[in-house]
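Engineer: Residues per chain, in single letters:
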Amino acid sequence: MNDALFLTVLLPALAALFVLFVPARAASAVRGVSLTAQLLALLFALAAYIGFNKGMAVFQFPFAATWLTVPNAFGTTPLVIRFAFGADGISMPLILLTGVVGLMASMRSHSIHERVKEHYFWQLLLTAGLYGVFASADLFTFFFFLEATLVTTYFLISVWGNEGRRRAATKFLIYRGLASVVLLAGFIGLAYSYAVQAQGASMQVYLGFAPNFLSLSIPQLISEAGKFQLSIAAQDALYLVFLLAVLVEEAFVPFHTWLPDAHEQADTGTNMLIGGVLMKIGLYILLRFAVELLPQGLQQFAWLTGLLGVISIIYGALVALAQKDWRRLIAFSSISHMGLVLLAIASLQAVGLQGAVFMLVSSGLLTALLFYAVGAQADRTKTFEIKNLGGLSKSLPVISGVLLVAALGSVGLPGMSGFISEFALFLGSFATFPWLAAVGTLGMILVALYLLYAMQRTTFGPQRTEYDQLADARPVEYVAMAVFVALVILIGVYPSVLGDVVHTTVQSIAGRIGG
Amino acid sequence: MTGLAWLVPVLPLAAYVLLLIGGRRLAEGAVTSIAVLAVAASFVISLAIMIQVALHGPQPAVTFPWLVLGSATISFGFEVTSLNAMMLVMVSFVSALVLLFSRGYMRGDARFARFYQYLSLFVFAMLGLVITSNLLEFYIFWELVGVCSYLLVGFWYFKPEAAAAAKKAFIVTRIGDVGLFVGMILLYLGFHTMNFDTIFYGQAVSSPYTMAHGAPALLFAAHALTGPGIHALPYGLAPAAFVTLTALLVFVGAVGKSAQFPLHVWLPDAMEGPTPVSALIHAATMVAAGVYLVARMFPLFQASPAASDVVAIVGGFTAILAALIGLTQHDIKRVIAYSTVSQLGYMMLALGVGAYVSGIFHLMTHAFFKALLFLTAGSVIHAVETQDLFEMGGLRKLMPLTNAAFLAGALALSGIPPFAGFWSKDEILSAAFSSGNYVLYAVGLIAAFCTAFYIFRVYFLTFGGEYKGDRHPHEGGLAMTIPLTALAVMATVAGFFNTPWAPWIANFLQDRGAVGYDPAVNWGLMVVSAVVGLAGIGLAYYAYGAPGRAQRMAQKSGFLYTLSFNKFYFDELYDRIVTRPIRAIAEALGFVDRWIIDGLVRLVSGGVYTGGAGLRYGNTGQIQTYGLVTLFGVAVLLIIAAGIGGVL
Amino acid sequence: MFFGMPLTGQTVSFFLLALLIIASGVMLMTLTKVMHMAVALAGVFLGVAGIFILLGADFVGMAQILVYAGAITILMVFALMLTQKGDDTESPEASTGRSLLTLLGVVVFTGIMLLVLRGTTWPYSQSAVDPYTQPTVVLIAQSLYHTYTIPFELLSLILTAALVGSVVIARKED
Amino acid sequence: MALQPFLALGAILFAIGAYGALTKRNLIIVLISLEMMLNAANINLVAFSHFGKTPHVAGQVFALFIIALGAAEVAVGLGILLAFFRMRNSADVKDASAMKW
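Chains as they are written, first to last, in our numbering: chain A, -19 to 495; chain B, 30 to 677; chain C, 170 to 343; chain D, 28 to 128.
Treat the hints as calculated values from the structure; they're not laboratory data. Quick reminder that beta carbons are idealized off the backbone N, C-alpha and C, glycines included. Certain hints may be false.
[Stated by the list, open to error] Computed cross-link-like contacts, EDC-like style, restricted to lysine to aspartate or glutamate with a CA-CA straight-line distance of at most 20 Å: (1) A:Lys304 with B:Asp627; (2) C:Lys202 with D:Glu100; (3) A:Lys207 with A:Asp305; (4) B:Lys188 with B:Glu414; (5) B:Lys188 with A:Asp305; (6) B:Lys426 with B:Asp338; (7) B:Lys497 with B:Asp417; (8) A:Lys367 with A:Glu446; (9) A:Lys367 with B:Glu190; (10) B:Lys188 with A:Asp448; (11) A:Lys374 with B:Asp138; (12) A:Lys304 with B:Glu616; (13) A:Lys367 with B:Glu616; (14) A:Lys304 with A:Glu98; (15) B:Lys188 with B:Asp499; (16) B:Lys497 with B:Glu414; (17) A:Lys374 with B:Asp360; (18) B:Lys497 with B:Asp360; (19) A:Lys362 with A:Glu143.
[Stated by the list, open to error] Derived DEER-like restraints, expressed as beta-carbon distance ranges: (20) A:Thr445 with B:Gly641: 31 to 41 Å; (21) B:Ile606 with A:Lys304: 42 to 52 Å; (22) B:Val46 with A:Glu127: 22 to 32 Å; (23) B:Val91 with A:Ala44: 25 to 35 Å; (24) B:Ile606 with A:Ala418: 40 to 50 Å; (25) B:Gly641 with C:His205: 29 to 39 Å; (26) B:Val658 with C:Thr201: 23 to 33 Å; (27) B:Gly641 with A:Trp47: 34 to 44 Å; (28) B:Gly51 with A:Trp47: 53 to 63 Å; (29) B:Gly51 with A:Gln449: 40 to 50 Å; (30) A:Lys304 with B:Val46: 35 to 45 Å.
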């Protein structure tokens, strides 16, 4: 049981290695292995989620293995590079989200017929990387898995994408690589500052001084953050570094142009993983590192963070209104929704943070579902162009219905996960930044505007003759879409299923940062 | 019985689930039976609850925790007060009849079961909205009502107008919803609770102190101004300002849902949906929700005179505006739709001047006669297959039952005694008069005149004269006639529930003390409103009794006619100042995004690429050149090293 | 005294050898005829060998004569002859500009080096006599077969590989 | 005798070799110049071996290694040169520029 988390990360990676030894001709064997591994990983994640102690705000299911020891790195203390895992109330839901989206993306990849083996290899590795990012309890481990997601996604886009895939993949790689570099600087600064501070040698962090140990362990950093505070100057500087990394990582305006391009070019399974999970990492970084370890830096720049969030909300929504391709529209919609999360984090309220985690999960599920439904539609109509679609309710009632559910969920309809997320995060942000939040609510109107517009053009209206003979959802698609819809509605109707896991952790963070 | 109140909304939900699972395999009759029986059972339970409330007073709210949010727990639950007991009865009654009527109207539709499925969900959402004890839960059902109306208005999705109307309805009401959403959040920030009672009275008061408790406004004001909430009021707002702000935000929600000016534009377009849907939306569910919201939040509005004034003025303005537009429309359903907007304006007017009972009473009577009017219109449309008034005529002889029913509804709407509308509308007008709002009274009176004119215009054009079409109109089946009869009876007699000499409803709603403002009986005003109504009918008879006269009248009124016919150009105005600018901004931003922001990115990457390609030419392949450069490099390094005195 | 050094036999021979080396080097850079160049090349290598012997490294000096002055010089001459096309003059010269530029670089470099040499205090043992207690051959042998066994063996490997490799590369493909 | 004259000689010889390696266009002369530079390094090694703070024979050993490696280098270099000459019918450095762009 205690190893469930570690196994969750390990399984897809092992399966990826295993896939390498399956002959390429045995495509169905490859699919079978991949699906089994994803399913098992999901089950382990589920087991961890169920076994998660909701009353505790610490990292649970700890697992640590030393990978490398640099002896005498700091005087006589060695520098220990570890693979360490653990999950708290913030990461646990995201791990489960990874499992669900990973499995569904794997099912979705049935429509891949070229270089099948490689596709599943990279997909499994990407899943392992995503699990690893959320499950890691060590800065090094985190960064390791973050880079793993970067490389794997690059290959997934650049090999199985559409015509412009090379360009989009390179853009993706450069942007996120850049974000990683900035993030690495932030990590080093964070670990150094805390080490210096813990040693009590100096109140100011400066480069010439080397502490005589360095801890990369996230729980330890958090516990140190509970004992003392970094200097304001250090917090401010580090927070800005993290914010910059997250802005690029999470495709916030104006560093966003890589996301629509990537989504437009990638295949549907990859899009589900990117939109559903990968695009949550940036805000997870902010929640994990900025909020917990740099509270004063966040407080200092909360207005900036909130403002950037609102800009992304409104800008993303307005640009989404002008998009002609479903995938680009979803990309901008996701930018807009992530702006809400940024606004919520800036609020520094327990409710807002809870709403932020809710929104990450909800938007993950809904974005993946939107991509799935749109992909299923495009499988049949061969187009993602909104203006080339129309009247699909007639020939594809089930897929259209699911698309409608996903759209309404994104709009924030009560009874689905989007609403409770929006409610909680606006509750937090109205308490702290009423004007920013008031502008942010415009996004709630705009999202209805662009999604319903696209819906109306796609599924409503007179049926086009070329779409008369389309076949509706196959059983495998039924299953995938039903799982998503069920989860979205479950969270919407009974949010405690998610809220109880998140609550204690968020509450303890808020208590510590005095929000 | 009140313990079973949760069954009232759950039964239609069960019907929805049942139809969702097995709807396609069931025959039309079975589908109808499931849905109608579920709602009818709800009606029976509601009736029992209402009787119990009348006998024993309201019951305490039943709640259970739903979500722990921050440091507070949000509970869900339901409660039965006199207000929502009455609403439950009214909603379930009208809904059951509309569901039954749809059996005939939708016969043979390819998605018959789907239609009933949506209707059941719609009814569930409305009943849930009524019964809830908590603002967040209220909002959830409120949005669900909106979505159901979206689905139902766009039911014939293959009609582009229907799809556009559904979208418009959703987005326009969404604007109001956001106002309510913000109001709800502010209320929560101020009072740290979502429960209505706790918001109004500072504590979760149990049965004797629900809505109908004596002088709630004072209690609320005391709570808001001096109670524990004062420390929690956000942004350092003064209590009075805070109450006004939240009340106005809540009212924005009601404006959207109840199609009040300036968000009234969606309701007439929503006529593109099937007629039973219109009946349901206009009578019992969607638009009633807005009025119900204001009534439910009445203490909040009572505590803020400014907000109340806004409610009254918006209501009055909407009443006259919609009535004027209704004068000239050609589409039978549109006329009735504008009449709904207008009547909802009356209700808002009533609530705004503090006439709580009158507003709710009018909501009830209106539900009966408006459902009746829509269903008769549906019956007519079903028979003649057109909605244009000028292609009908002479149906009095061909469809006698429909004729009688429509006449009852029209008389009720016009406020002719003793029909239902007379009593409620008169109460509103006398409340406006006796509260000193003479302008609003005058506006209401003019609107009443217009109302009588336009509805009898419809009557004379539809049922009078000779039939102009080439079909053979006849009455619908039992499924259509039974609801018509039942509603016609109600439209005729419902007014007697609350006559000046027997104010049953007023007593029921205020069984624990007066709420708001109850005008004294004023026989003079009653005569005036009856005369105005009759005058409107007389003018309609004069204009449409002889051919060509109406046209001359229209020509004489000139541009006023054009203005009214084009609905005062509100659609065009919004198109110019809202829709198109937003779309233009979106397109411009899309352009900026693609060519300027991404263009900058491409410029940077292109610059790097070009720079790299240029530098490549430095790579000549001439090893001696490399060596020479290296030599100079080493020399420079050495000079530097010598200059700074070594590098170690 | 000669340049601040006592005018001993050692000093004189050093300056003579240095003169030989530099003169041969400069000649090598200026001459064009192959045979003249061969002579100049031999002069440089022999002069260096002399310097080695002067420094008491007689074994290295001998090796220098054998390998450089003997084998490599001959090899170079052969290669030069093999690649001559008709006339026995050197193939086209580099441009004057490049030559001058290179000269400038070289002079700057040398100048700095010499200045640094002059300015540095070298911690050396000022022994006029041979510092080695044993014949250098013995010392070198001990060093090679004890301390540097593995590099020594690797070197033999490299030589073999170079031998085979150059044959493979230079062989006519047919 | 002192250390500096030897080091100075080494520097001058190195400079001459560098000049040749950078200006001569015949590949063989370039190779020869490189050998001269190696020799200059050897002079330094041996000089340090003799005049070092604690004189040690290791300097001579390294000089021997360099001589051996120089020989190997010349062998391979000439092999490449012959192949190149056969291919291009030229021994000009300027023609050996395939590794550009």
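Engineer: Confirm or reject each hint.
Structural biologist: Results of checking the hints against the structure:
no.: 1; hint: A:Lys304 with B:Asp627; in the structure: 17 Å, holds
no.: 2; hint: C:Lys202 with D:Glu100; in the structure: 24 Å, violated
no.: 3; hint: A:Lys207 with A:Asp305; in the structure: 51 Å, violated
no.: 4; hint: B:Lys188 with B:Glu414; in the structure: 16 Å, holds
no.: 5; hint: B:Lys188 with A:Asp305; in the structure: 24 Å, violated
no.: 6; hint: B:Lys426 with B:Asp338; in the structure: 48 Å, violated
no.: 7; hint: B:Lys497 with B:Asp417; in the structure: 11 Å, holds
no.: 8; hint: A:Lys367 with A:Glu446; in the structure: 14 Å, holds
no.: 9; hint: A:Lys367 with B:Glu190; in the structure: 17 Å, holds
no.: 10; hint: B:Lys188 with A:Asp448; in the structure: 17 Å, holds
no.: 11; hint: A:Lys374 with B:Asp138; in the structure: 14 Å, holds
no.: 12; hint: A:Lys304 with B:Glu616; in the structure: 11 Å, holds
no.: 13; hint: A:Lys367 with B:Glu616; in the structure: 15 Å, holds
no.: 14; hint: A:Lys304 with A:Glu98; in the structure: 32 Å, violated
no.: 15; hint: B:Lys188 with B:Asp499; in the structure: 25 Å, violated
no.: 16; hint: B:Lys497 with B:Glu414; in the structure: 12 Å, holds
no.: 17; hint: A:Lys374 with B:Asp360; in the structure: 29 Å, violated
no.: 18; hint: B:Lys497 with B:Asp360; in the structure: 15 Å, holds
no.: 19; hint: A:Lys362 with A:Glu143; in the structure: 14 Å, holds
no.: 20; hint: A:Thr445 with B:Gly641: 31 to 41 Å; in the structure: 51 Å, violated
no.: 21; hint: B:Ile606 with A:Lys304: 42 to 52 Å; in the structure: 25 Å, violated
no.: 22; hint: B:Val46 with A:Glu127: 22 to 32 Å; in the structure: 48 Å, violated
no.: 23; hint: B:Val91 with A:Ala44: 25 to 35 Å; in the structure: 49 Å, violated
no.: 24; hint: B:Ile606 with A:Ala418: 40 to 50 Å; in the structure: 21 Å, violated
no.: 25; hint: B:Gly641 with C:His205: 29 to 39 Å; in the structure: 47 Å, violated
no.: 26; hint: B:Val658 with C:Thr201: 23 to 33 Å; in the structure: 27 Å, holds
no.: 27; hint: B:Gly641 with A:Trp47: 34 to 44 Å; in the structure: 36 Å, holds
no.: 28; hint: B:Gly51 with A:Trp47: 53 to 63 Å; in the structure: 58 Å, holds
no.: 29; hint: B:Gly51 with A:Gln449: 40 to 50 Å; in the structure: 28 Å, violated
no.: 30; hint: A:Lys304 with B:Val46: 35 to 45 Å; in the structure: 38 Å, holds
The structure is inconsistent with the numbered hints 2, 3, 5, 6, 14, 15, 17, 20, 21, 22, 23, 24, 25 and 29, although it conforms to all the rest.
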